[in-house]
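Chemist: Assembly of the complex is requested from the two constituent chains, each provided in isolation within its own frame, with the hints serving as guidance.
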Amino acid sequence: ELKVEQNPLFLSMQEGKNYTIYCNYSTTSDRLYWYRQDPGKSLESLFVLLSNGAVKQEGRLMASLDTKARLSTLHITAAVHDLSATYFCAVLMNRDDKIIFGKGTRLHILP
Amino acid sequence: NAGVTQTPKFRILKIGQSMTLQCTQDMNHNYMYWYRQDPGMGLKLIYYSVGAGITDKGEVPNGYNVSRSTTEDFPLRLELAAPSQTSVYFCASTSGTKDYEQYFGPGTRLTVT
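Protein sequences, first through last, are from chains A and B. According to this note's numbering, the residues represented by the first sequence are 1 to 111, in order. According to this note's numbering, the residues represented by the second sequence are 1 to 113, in order.
Calculated from the structure, these hints are not laboratory results. Please note that a few of the clues may not be correct.
[As the list claims (entries may be wrong)] Interface residues of chain A toward chain B, partial, derived using beta-carbon atoms under 7 Å: (1) Leu43; (2) Ser45; (3) Met93; (4) Asn94; (5) Asp97; (6) Phe101; (7) Lys103; (8) Gly104.
[To be verified] Cβ pair distances, simulated, as ranges: (9) A:Gly16 - B:Lys57: 38 to 48 Å; (10) A:Asn52 - B:Ile15: 25 to 35 Å; (11) A:Thr73 - B:Lys57: 42 to 52 Å; (12) B:Glu101 - A:Ser12: 29 to 39 Å.
Where is the CB? At the ideal position from N, CA and C, for every residue including glycine.
The shape of chain B in the complex, shown without the other chains (with noise of 0.2 Å):
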């Protein structure tokens, strides 16, 4: 199992610029999150998932979109980027009724300039 996959590692975007963060996971899992941290903070929940076809807002949803069409993949779009969505971005899943872990993808570090 590759667990949690993110791509891409690193990106930066110029203000105004659209992109989608991608997120694969291989474990069947329903339940996925999105969430970033900003440099020297904790982590900040975007949007959420409990499974194909049902998303719903985290603590700071605002400039983000997603989408969850397959029980595999969970894509955060981010509209119009500025300054303050610099972040390390990180997607997570779990199962919820198995070993409860959640598991955390590599990150991606966006820089918006």
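Same shape as in the complex, but just chain A (with noise of 0.2 Å):
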């Protein structure tokens, strides 16, 4: 069964500074979703990466993925209050279409 795992899953950052989130994952899988959700929402797409070395970027916010080590990353730059959120990743089973999520990254960027 496909296990997605998230870490940090709490962090607390001042602005101003750079930090990473990662996602591993343990099956194959050929794509990989990157979501923010604030408190009371639904969630917001950010990212869907497909291939191996895939990168793209919005803003202070940077994602990629590594498919032979299973891993992706949200890189945050120059974190600002606004990124204050819950960052979900999820997998796309290659086997069966199910899309597996994280535990989520609570992420509370202080001013």
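Modeler: What follows is the structure, encoded as structure tokens:
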């Protein structure tokens, strides 16, 4: 069964700092998602990564995928308070098209 | 396009009651998913469908049923509601072939007392 592990689960950081959230998964996958969720809201799609070595950037967020290591990273550059949210990665199982989520990383950026 | 719509937005059920959560998408997506999110937790896959007439279990299917008679609709049925089913339920869809995005509905907040 596919396991998706995110770390850290909680992160409190200062504005202006850089940090990385990690997403490890246990079986072969061709597709990895990153989402943002604000309290009481639905999920907002950030990135879809489709191939080994894929890198996507939007503003202060950059996501990458290493399918051989079964690892994706979400890097935050010069964090600002508005990026405070919970970030989820999710992985498509090639075998049966399930999309399984990690537990999420609750990010709190201190002004 | 309305995207993925869910009804109702909120519902309170008594233990043992049944209800159906509705999910509709107007993007002609083949793949649809139901997740539940308990407070402060991640999303758990309940059921999913890869096309009309095809459904399969996810991580936490017990206590739920689904059907997929059309491409657009993917209702989730709760039989004999229990307090453990108190959660926020999200429906999502993806084409699986075009932009690969997974689009989420706004969610249904369900309380079972």
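Chemist: Next step is simple, just say for each hint if it's right about the structure.
Modeler: Here is how each hint holds up against the structure:
no., hint, result
1, Leu43, "holds (5 Å)"
2, Ser45, "holds (6 Å)"
3, Met93, "violated (10 Å)"
4, Asn94, "violated (12 Å)"
5, Asp97, "holds (5 Å)"
6, Phe101, "holds (4 Å)"
7, Lys103, "holds (4 Å)"
8, Gly104, "holds (5 Å)"
9, A:Gly16 - B:Lys57: 38 to 48 Å, "holds (46 Å)"
10, A:Asn52 - B:Ile15: 25 to 35 Å, "violated (49 Å)"
11, A:Thr73 - B:Lys57: 42 to 52 Å, "violated (31 Å)"
12, B:Glu101 - A:Ser12: 29 to 39 Å, "holds (30 Å)"
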